[in-house]
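The task is simple: from the sequences and hints, build the whole structure.
Chains Y and U, in that order, give the protein sequences.
According to numbering that gives the first Met the number 0, the first sequence is numbered sequentially starting from 0.
According to numbering that gives the first Met the number 0, the second sequence is numbered sequentially starting from 0.
Since the hints were made in silico from the structure, they are not lab data.
These numbers come from a predicted model, not from an experiment.
Be aware that a few hints might be false.
[Said to hold, decoys possible] The calculated label-pair distances, taken between Cβ atoms and stated as ranges, are:
1) U/Y337 x Y/N270: 32 to 42 Å
2) Y/Q268 x U/G304: 20 to 30 Å
3) U/S395 x Y/D470: 51 to 61 Å
4) U/K76 x Y/R90: 53 to 63 Å
5) U/E137 x Y/K264: 20 to 30 Å
6) Y/E480 x U/K362: 55 to 65 Å
7) U/V149 x Y/E171: 34 to 44 Å
8) U/K76 x Y/D470: 30 to 40 Å
9) Y/A130 x U/V149: 31 to 41 Å
10) Y/G394 x U/K76: 33 to 43 Å
11) U/P10 x Y/Y154: 29 to 39 Å
12) Y/P261 x U/E92: 28 to 38 Å
[As the list claims (entries may be wrong)] List of simulated lysine-lysine pairs, DSS-like, C-alpha gap at most 25 Å:
13) Y/K422 x Y/K412
14) U/K287 x Y/K275
15) Y/K412 x U/K17
16) U/K373 x Y/K275
17) Y/K275 x U/K144
18) U/K17 x U/K41
19) U/K288 x Y/K264
20) Y/K264 x U/K287
21) U/K329 x U/K287
22) Y/K64 x Y/K166
23) U/K76 x Y/K264
24) U/K288 x U/K17
25) U/K265 x U/K357
Every residue, glycine too, gets a C-beta built ideally from N, C-alpha and C.
So you can see what is in the structure, the chains are spelled out below.
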Amino acid sequence: MSSYDTIIIGAGHNGMVCACYLARRGQKVLLLEAANEIGGLAAKREFFPEFQVSVAHSISHFSAKVAKELNLESHGFINPSCSLPTVGLNRNGEHVVLAHDEGGAASLSGVSEKDLASFKNYQTLMYRYAAMLKPFWGTVLPRIGVSGISKAMTYAKLGLKLRLLGKSDMREFMRIAMLPARDLMDEYFDNDLLKALLSWDALIGSKMAPRSPNGPVVSLLYRMGGDFEGAHYLPENGIESLIYSLRSVAEASGVETRTNFPVEKILIQRNESGLKVEGVTMPDGEIITATRVVSSADPHRTFIDLVGVENLEIQFANRIRRLRSEGYVAKLHLALHGEPKFNGLAGPEGRMIIAPTMDTIEFAYDDAKYGEFSRQPVMEVIVPTRYQSELAPPGKHVISAHVMYVPKMLKSKWSVDAREEIKNKTIDLLAQYSPGLKNLIAHAEFLTPEDIESNFRVTGGNWHHADHVIDQMFMMRPTYEAAQYSTPVPGLFLCGAGCHPGGDLMGAAGHNAAHEILKS
Amino acid sequence: MSDSNTVTVDPFEEERPKETHFHARMAVLNIRENWAAWNGYKLANYFYDAEYEYFCVRNGCGTYDICGMQKYFVTGKDAEAMLNRMVTRDISEMNIDRVTYLVWCTDEGRLIDDGTVFKLGHEHFMLTCGSPSLAWLEKSCYGFKDVSIVDMSEGIAALALQGPTSCEVLKKMGLKDIDTLKPFGIKHFPFGASQDKPLMVSRTGFTGDLGYELWIKPELALKMWDSLYDAGEDYHIQPFGEAALNMARMEAGFIMPLMEFNEALKTIHFRHDHTPFQLNLDWLVDFKKPHFNGRAALLREKHDGPEYTLVKLDIEGNKPAEECNVYSDKGCENEIGYVTSAMWSPVVKANIALAMVKTKYLKGEIWAEIYYNKELRSYTKVSRCTVKEKPFWTHSRSRATPPLPY
Chain Y
0 MSSYDTIIIG AGHNGMVCAC YLARRGQKVL LLEAANEIGG LAAKREFFPE
50 FQVSVAHSIS HFSAKVAKEL NLESHGFINP SCSLPTVGLN RNGEHVVLAH
100 DEGGAASLSG VSEKDLASFK NYQTLMYRYA AMLKPFWGTV LPRIGVSGIS
150 KAMTYAKLGL KLRLLGKSDM REFMRIAMLP ARDLMDEYFD NDLLKALLSW
200 DALIGSKMAP RSPNGPVVSL LYRMGGDFEG AHYLPENGIE SLIYSLRSVA
250 EASGVETRTN FPVEKILIQR NESGLKVEGV TMPDGEIITA TRVVSSADPH
300 RTFIDLVGVE NLEIQFANRI RRLRSEGYVA KLHLALHGEP KFNGLAGPEG
350 RMIIAPTMDT IEFAYDDAKY GEFSRQPVME VIVPTRYQSE LAPPGKHVIS
400 AHVMYVPKML KSKWSVDARE EIKNKTIDLL AQYSPGLKNL IAHAEFLTPE
450 DIESNFRVTG GNWHHADHVI DQMFMMRPTY EAAQYSTPVP GLFLCGAGCH
500 PGGDLMGAAG HNAAHEILKS
Chain U
0 MSDSNTVTVD PFEEERPKET HFHARMAVLN IRENWAAWNG YKLANYFYDA
50 EYEYFCVRNG CGTYDICGMQ KYFVTGKDAE AMLNRMVTRD ISEMNIDRVT
100 YLVWCTDEGR LIDDGTVFKL GHEHFMLTCG SPSLAWLEKS CYGFKDVSIV
150 DMSEGIAALA LQGPTSCEVL KKMGLKDIDT LKPFGIKHFP FGASQDKPLM
200 VSRTGFTGDL GYELWIKPEL ALKMWDSLYD AGEDYHIQPF GEAALNMARM
250 EAGFIMPLME FNEALKTIHF RHDHTPFQLN LDWLVDFKKP HFNGRAALLR
300 EKHDGPEYTL VKLDIEGNKP AEECNVYSDK GCENEIGYVT SAMWSPVVKA
350 NIALAMVKTK YLKGEIWAEI YYNKELRSYT KVSRCTVKEK PFWTHSRSRA
400 TPPLPY
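See below:
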């Protein structure tokens with residue numbers, strides 16, 4: 000007799016979404032979180048007394064279907080009326096600003112008439128493609144080679160959607176889908192800031208730069224499938240409102256959640272009938288049994304650390320080993336005595352991107368891919384206290400920045416000094432855009448990918464668990480034989496960012512996994 | 000043009016077959032200079048005459064150089080777990096100083112290679128196989144914390160001694176109690192001036208008869224050869240090459256890579272490789288073991304039955320059925336398989352072959368279309384084949400301990 004129908008490892012948003020769906024269908028679900036707090040990379044943490052922030056600092060495409068089905072709004076997850084503007088920062092204050100009004104209409108400022116016209120064409124086309132792909136992010140993509148009408152239908156639908164674009168748009172999609180970001184941007188625009196700004200979402204989080212092949216455009220379209228057509232936003236009560244609303248739904252659905260509960264191993268029964276998941280073991284030896292275990296941990300951690308290679312096949316284990324899941328994004332958190340001022344901006348509004356040209360991004364990447372610091376990093380900056388003043392004491396502020404490219408595997412090895420060095424370099428750069436910033440700093444925290452790996456138990460410190468690259472997406476994510484949420488180990492499922500459709504705060508992986516589990 | 004005073008560099012040095020640890024002695028005896036190569040080492044195809052060497056192995060004893068065989072030390076706390084996950088047989092019950100024959104497969108249950116595992120200590124195994132396998136072993140080790148692989152292929156000199164007089168020769172060589180060594184057992188012996196026991200002998204081989212394999216460090220290789228040949232003088236000891244080995248192993252019904260099977264990691268065409276079930280190696284697949292590589296796929300294969308099965312054929316007439324196809328009818332209209340190895344067996348006095356035949360046709364008639372050549376003229380004949388269940392040839396002394404004196 001199992002004590003639980005399902006044990007879910009990891010109370011990040013995907014684990015919670017999956018838990019909610021299963022519990023609402025009557026399963027007895029236990030959700031285990033290793034950290035003190037639920038939420039994973041979206042958890043709000045105090046990084047300096049009275050200053051709070053989460054590693055994930057904006058949302059671009061949380062699944063509207065999940066929000067609706069789980070009724071998250073009535074539990075406190077409320078979409079804002081408007082998305083965040085994206086600002087391509089310029090040292091002299093001549094910024095490029097991309098904003099959307101309440102009706103969703105885009106406005107672009109700081110570029111030429113020619114770029115403005117191109118942008119309209121670009122946007123129309125990209126939104127058509129994003130809309131075409133959108134249904135498939137929330138669908139289990141069947142295993143190749145498995146027959147069955149419903150499975151064949153999924154691919155038939157994809158083919159049909161593609162065909163319905165019309166001949167010229169379809170051909171164009173086939174042409175640009177695999178383009179490096181740089182080729183696409185050069186083709187449409189002249190303005191360097193604009194090009195860097197628009198390619199940002201194609202790259203961030205993966206080991207990719209503007210000249211990288213391997214499907215950055217698909218990754219961009221993935222993010223463009225959100226409620227605000229890809230524009231980032233902050234829910235009314237901040238990122239944590241997503242986590243708290245999921246917790247509230249989970250509680251209401253009867254999910255039992257335990258924090259501070261790190262799973263040591265996935266317990267696997269081994270006998271003449273083969274392998275079967277029995278539950279999990281804790282570091283103190285406690286065993287909790289369940290009919291199935293669903294892991295929202297990354298594939299490497301799930302299979303290699305928690306399952307163990309002795310329970311896996313050799314080629315499968317080596318495909319997990321070869322997943323590209325090395326993080327290149329660091330996180331800078333600043334506790335500030337006052338509001339930072341940026342040259343040429345009335346206030347620190349929106350998502351500010353420091354990447355003057357695509358070459359700046361490329362060169363920053365070149366350094367990092369050989370294990371060095373970027374000589375000139377690029378970054379995405381938000382002042383979350385601008386939208387949520389309770390994250391800091393009155394009048395005080397927080398800066399949250401994603402900094403690229405910071406290699407997980409630093410050639411000279413990570414040390415306190417190495418972290419200080421890149422932290423200071425990042426602050427120096429930021430201060431070039433925000434004079435006076437340094438005088439405001441009460442505390443600075445810099446999380447390297449290695450810190451993210453150890454603090455949040457994410458292999459490589461990679462937010463996406465595995466890069467968003469074409470060979471690790473769709474029915475190849477994380478790798479064949481584990482790409483439909485079930486795994487080669489009977490009773491073990493995946494529901495995290497390492498599954499289709501991928502990372503970011505979206506919840507589709509948790510949703511799709513629950514769908515697949517309930518079907519089986 | 001190089002003048003005689005300068006040292007000339009051989010531009011093909013890397014390309015030339017290397018000489019094994021026994022080469023100095025074998026080169027003298029290789030009257031025909033007929034060398035083949037195995038994993039980069041010179042190996043005699045035959046020394047004098049293949050049939051003569053075959054008769055020496057069947058009636059006296061012969062030595063076969065297995066320096067070219069790949070040998071890996073697998074050591075560490077996780078060595079057993081790593082090997083047991085890799086191979087289809089269960090090695091967890093093996094005793095120290097025992098050898099076992101086994102195979103390993105891809106995730107899809109396709110045969111990668113066959114070989115033997117020697118258990119030399121609780122955390123010390125030696126894996127031997129025909130082809131370099133370091134890449135696969137490294138993959139197989141991934142994720143195990145305490146296991147290391149050392150390629151000992153160069154570091155151990157190995158010689159097979161096979162045939163009815165082999166035990167007597169080793170006795171005469173001074174290997175005390177060698178006759179108490181059981182099949183697939185290992186014993187260690189003093190040799191030369193060394194105080195420890197540098198000579199390892201396993202009762203293993205590839206001829207179906209009584210036989211041993213001798214393992215020693217390279218610096219003692221020639222000394223061991225000499226003392227073996229001194230002891231064997233009156234017992235018809237003779238080196239034999241690949242050709243004679245192939246005859247003996249076929250009679251014993253043993254499979255050979257590139258004849259009976261393709262290594263799965265080296266085939267290009269989909270399913271030009273094989274499963275253990277196709278090769279009649281079901282007995283090496285232990286489903287009682289909870290997990291091993293390819294288990295799920297092999298369970299399906301067991302359930303569905305293999306499409307082809309390797310069978311032993313006794314063929315009418317005396318023309319070896321080399322490289323021919325087999326049919327379900329005398330008119331040769333319905334092709335049902337192909338011969339993998341064939342020969343006229345002198346000891347069985349029969350025209351024998353190993354063949355891959357579609358399993359569903361095994362109960363019916365099997366005809367081989369044989370092509371042969373007589374004084375430059377080509378002929379074809381169709382011969383009836385009979386499936387044999389047992390090996391074509393075996394001898395009770397190969398299993399008896401002690402083996403009866405010959």
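Okay, the hints, checked on the actual structure:
1. Taking the beta carbon of each, U/Y337 and Y/N270 are about 40 Å apart, inside 32 to 42 Å as hinted.
2. In this structure the hint that Y/Q268 and U/G304 lie 20 to 30 Å apart at CB holds, the actual value being about 29 Å.
3. Look at U/S395 against Y/D470: about 58 Å separates their beta carbons, and that is inside 51 to 61 Å.
4. Range check, U/K76 to Y/R90: Cβ separation about 59 Å, and the 53 to 63 Å hint holds.
5. Evaluation of the 20 to 30 Å hint for U/E137 and Y/K264 yields a pass: the beta carbon distance comes to about 25 Å.
6. The hinted window of 55 to 65 Å between Y/E480 and U/K362 is violated, with their beta carbons roughly 37 Å apart.
7. Between U/V149 and Y/E171, the C-beta spacing of about 56 Å breaks the proposed range 34 to 44 Å.
8. U/K76 and Y/D470 have their C-beta atoms about 35 Å apart, which keeps the hinted 30 to 40 Å range intact.
9. The hinted window of 31 to 41 Å between Y/A130 and U/V149 is violated, with their beta carbons roughly 58 Å apart.
10. For Y/G394 paired with U/K76, a C-beta distance near 60 Å fails the hint of 33 to 43 Å.
11. Between U/P10 and Y/Y154 the beta carbons are some 55 Å apart, a value that contradicts the proposed interval 29 to 39 Å.
12. At roughly 36 Å, the beta-carbon separation of Y/P261 and U/E92 lies within the given 28 to 38 Å, and the hint holds.
13. As the CA atoms of Y/K422 and Y/K412 are separated by approximately 15 Å, the hinted pair is consistent with the 25 Å bound.
14. Restraint check: the Cα-Cα separation between U/K287 and Y/K275 comes to about 14 Å, which is no more than 25 Å; the hinted pair holds.
15. Pair hint Y/K412 plus U/K17 does not hold up; C-alpha atoms about 43 Å apart against a cutoff of 25 Å.
16. Between U/K373 and Y/K275 the alpha-carbon distance is near 63 Å, which puts this suggested pair outside the 25 Å criterion.
17. For the hint linking Y/K275 to U/K144, the alpha-carbon distance of about 23 Å falls within 25 Å, and the restraint holds.
18. With a C-alpha separation of about 6 Å, the suggested pairing of U/K17 with U/K41 holds against the 25 Å cut-off.
19. Proposed proximity of U/K288 and Y/K264 is supported: the alpha carbons are some 21 Å apart, at most 25 Å.
20. For the hint linking Y/K264 to U/K287, the alpha-carbon distance of about 24 Å falls within 25 Å, and the restraint holds.
21. Taken as a hint, the U/K329 and U/K287 pair is broken in the structure, with Cα atoms around 43 Å apart against an allowance of 25 Å.
22. With a CA separation close to 30 Å, the supplied pair Y/K64 and Y/K166 exceeds the 25 Å bound.
23. With a CA separation close to 19 Å, the supplied pair U/K76 and Y/K264 stays within the 25 Å bound.
24. With a C-alpha separation of about 41 Å, the suggested pair U/K288 and U/K17 falls outside the 25 Å cut-off, and the hint is violated.
25. Proximity of U/K265 to U/K357 is assessed by CA-CA distance (about 23 Å); at most 25 Å being required, the pair is judged to hold.
Hints 6, 7, 9, 10, 11, 15, 16, 21, 22 and 24, counting from the list given before, are not met by this structure.
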